[in-house]
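Sequence order for the protein chains is H and F.
Residues in the first sequence are numbered from 0 upward in steps of one, following numbering that gives the first Met the number 0.
Residues in the second sequence are numbered from 0 upward in steps of one, following numbering that gives the first Met the number 0.
Hints are computed from structural coordinates only; laboratory data are not their basis.
Everything numeric in this text was worked out from a predicted model, so none of it was measured.
Where is the CB? At the ideal position from N, CA and C, for every residue including glycine.
A few of these clues could be false.
Stated by the list, open to error - Derived coverage of chain H by chain F (criterion: at least 3 residues anywhere in the stretch with Cβ under 8 Å from a Cβ of chain F; other residues may be distant):
(1) 322-331
(2) 356-369
(3) 466-475
(4) 526-533
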Amino acid sequence: MGGYLRLLRLMTAVVLGSFAAAAALADDPLVYATIQPAQIALGESAQFTITNLGDGTNAITLPVVSGLKFEIIGRTREMQIINGTMLPSSSIVMRVTPQIAGIFTIPAVTPKAQPLVLQVTAASGGTSPAQTAPRAPLPPPILSGGSIPKGVHLTDDGSAYVRLSIPKREVYVGESVPVDIEVGMRSGFVSSLNGLPKLTDDNFALNNLSHQPERAEKLINGEQFVVFTWRSLLAVVKPGTFALSAEAPLTVKIRTRPRRESALDDRFGDPFWQNLFGATVPKDINVTSPPQQLKVLELPTEGRPADFHGAIGTFSIASDVSPGKADVGDPLTLRMRITGSGNFDRVDSTMLDHVDQWKTYPPKSSFNTSDPVGFSGMKTFEQPVIASKPGAQELPGLSFSYFDPNARRYETARSTPLSVSISPSLADSLTPPPSVGSAGPGNNIYAPGLRPDHADAATATPSLVPPYLQPRFLGIPSFIVLAFAAGWAAARRRRASSVSEPVSDRSSSRAAKRVLAQMQAAARTRNAAVFFDSARTALQPLLATRWQIEPEDVTTAEVEARVGAEDDLRQLFALADESKYSGRELNATDFARWLRIVGVLLTTSRSP
Amino acid sequence: MTARAASLLLCLLIGAVQVHADPAPGGYSAAELYNLGNSYARMGKPGMAILNYERASLLSANDPDIEANLQYVRTSAHLPGEMRGTFDRIARIASPLLLSWIGVFGLGVVGASMIAAQLSPRHRLWRGGAMLLGLSMLGLTICNGLALWPILHEGVVITAATPVRVSPVPMGDPLFTLPEGETVKISAEHESFALIETRAGRTGWVADSNLAPIVPRK
Chain H
0 MGGYLRLLRL MTAVVLGSFA AAAALADDPL VYATIQPAQI ALGESAQFTI
50 TNLGDGTNAI TLPVVSGLKF EIIGRTREMQ IINGTMLPSS SIVMRVTPQI
100 AGIFTIPAVT PKAQPLVLQV TAASGGTSPA QTAPRAPLPP PILSGGSIPK
150 GVHLTDDGSA YVRLSIPKRE VYVGESVPVD IEVGMRSGFV SSLNGLPKLT
200 DDNFALNNLS HQPERAEKLI NGEQFVVFTW RSLLAVVKPG TFALSAEAPL
250 TVKIRTRPRR ESALDDRFGD PFWQNLFGAT VPKDINVTSP PQQLKVLELP
300 TEGRPADFHG AIGTFSIASD VSPGKADVGD PLTLRMRITG SGNFDRVDST
350 MLDHVDQWKT YPPKSSFNTS DPVGFSGMKT FEQPVIASKP GAQELPGLSF
400 SYFDPNARRY ETARSTPLSV SISPSLADSL TPPPSVGSAG PGNNIYAPGL
450 RPDHADAATA TPSLVPPYLQ PRFLGIPSFI VLAFAAGWAA ARRRRASSVS
500 EPVSDRSSSR AAKRVLAQMQ AAARTRNAAV FFDSARTALQ PLLATRWQIE
550 PEDVTTAEVE ARVGAEDDLR QLFALADESK YSGRELNATD FARWLRIVGV
600 LLTTSRSP
Chain F
0 MTARAASLLL CLLIGAVQVH ADPAPGGYSA AELYNLGNSY ARMGKPGMAI
50 LNYERASLLS ANDPDIEANL QYVRTSAHLP GEMRGTFDRI ARIASPLLLS
100 WIGVFGLGVV GASMIAAQLS PRHRLWRGGA MLLGLSMLGL TICNGLALWP
150 ILHEGVVITA ATPVRVSPVP MGDPLFTLPE GETVKISAEH ESFALIETRA
200 GRTGWVADSN LAPIVPRK
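Go ahead and model the full structure; you've got the sequences and the hints to work with.
Have a look at this one:
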């Protein structure tokens, strides 16, 4: 019962559609053109389609518009049922690319058709809202094809496929291998792509997988497919032989009726009619590409250069230095450009290090890729270098080592040495500039108000550092300070000694007076023993100091040995012994005479 | 002993006088530096002109021509002028060479006065006057050193729009630029870069090729 109701609805739709198409066909020409979109930005393209309904005998004139480029990108041929009549339909699909901005009128393809208008706005640099708005994506190129391409393995229901494209050669550990992952989805059969494609083998990783894949439309096995293509780099981390495949998560529409019952649906176009009559349900599936064998090898150790840093690919180098002329101390930039394809993340160089008469700094690098995944491009190393001596200097050639996977050997690329002219530093020059006086006042604002030159004096100093800060000169004041310090110390010592000597004299004279007083008292009592004993006691310490002996050792024999037997001093010591033991008497004259002698002896014995 | 010391002092004095009196080849003279500054000014190189005027001013501080041309070039290059204070004028009343000998002489007068005071208590007034004179001469030399000390650590930017970088490497990020002829304080040095401080207090690293110290380094 349900099947009849659906058939009735289908017939009603066909009848209504036929009436509408017939009415339209009565007014419209058999050949018509469309353009989508009608407004684009400079740098974008539009799709121009010429459709011919009928047997194709109408003459079609391809448009020629100045400023627009027309390229035929596909032709389609199909049958259409209009008002119950099956008509052949052919279309020519062209890509229209503007060379300039403006409003273009595309002439009618037939005399009865209407001309079309294409508005092209400037791509960038303006301030209008249309120019600042994000650019619309390029219209996908429409391709044609009838058979299943190589490497495409459709799912069982023919709704999708995943194709993995890898190099057919052996690869090496550390190498970056460019791969393409193509996901094809039949129009109307796949409702959504639920994630990015990935590899089924965990031993590999996809680097730089583009989030915005390339979009195209293809005819595969007579059906229209929307094809997304991701480009990426395959990172190979371990050796071995692997079966590599990719998968993508999709949501597809599954038929709910047997194929024989839906044959009519297919005849009138799958998506619309199946959805119209509720013949499909969504289902999440993982579509996998056919596995491909990939052999991974270790890098050879033989012949590995010392400066090899893991770069694998095909490279060439060039170098330059700028500026070509500089002063001593001026920084120059030495550049090394490595161009080619490979794993640029491992392309590294220390450039120059420890070069005579050059001061070198660590280089920095920048990479400009020429593809979306960073496999090809140019890596530039810039190293600041400073010349330390003037003259014609030479920077040695640079080298870069890598492994060429195609030649299967290590290669070293070398650049030629670079010559640089180095002038003496301006600040160190004491000679006048060569063009003194040649600069005219017209190009110099300083000359008019200057005071005149001075007559050159003969005196010159070897240094601008003040002499009192120079070590050689500082010796003079240092010596003067030391000399005066020594003189001052000597004078102070002399003064101190001159002050202390009268004190000693005074104390000595007081002792001498005291001894003489004792001797006078003894003389008045005519006590010769006390008289001479006092004299000897007073003289003994003085003589002991003078002769550097102990006072007890100053005896009559010692005195006689030093001064002789006839000296008054020896007689004094002898009389002292004699009067002590014999009790000798002296008269007043003798006492007076010996008093005078002892007084003299006490005075003279103090001096050395 | 005294004769030996006297002969040694005499040798030192004669040697020092010869060192500072004989014009060594390639030496500096105020007139030569002043003329060199004029030459650079006529060539339109204010940085080198100011550098040589500053150097000439070190040797002949109160030369009116040097001062006038220095201020003129500064003004013409739209650089702020420098006004010298009273202390600076007094401290730099003579050349550093002359002031060095004045200091030595003052040192000798002070020393002789101190020794005389030890030897004899007489002529106290004369000794006191001599001591004051010697200390004044010594103080003048010290003041000259204090006035010149900052200049000895200054440099002049000799290239136009000199970049001042955040670090002492050629690829260091530039902080700001200095005009040619600007005088800056050099705080430190690292390889071929100098850490400078502007009069406004901004600091950064400048390549040696862009900067010339007022007192050249050997």
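Results of checking the hints against the structure:
no., hint, in the structure
1, 322-331, "holds (count 5)"
2, 356-369, "holds (count 3)"
3, 466-475, "holds (count 7)"
4, 526-533, "violated (count 0)"
In this structure, the one hint that does not hold is number 4.
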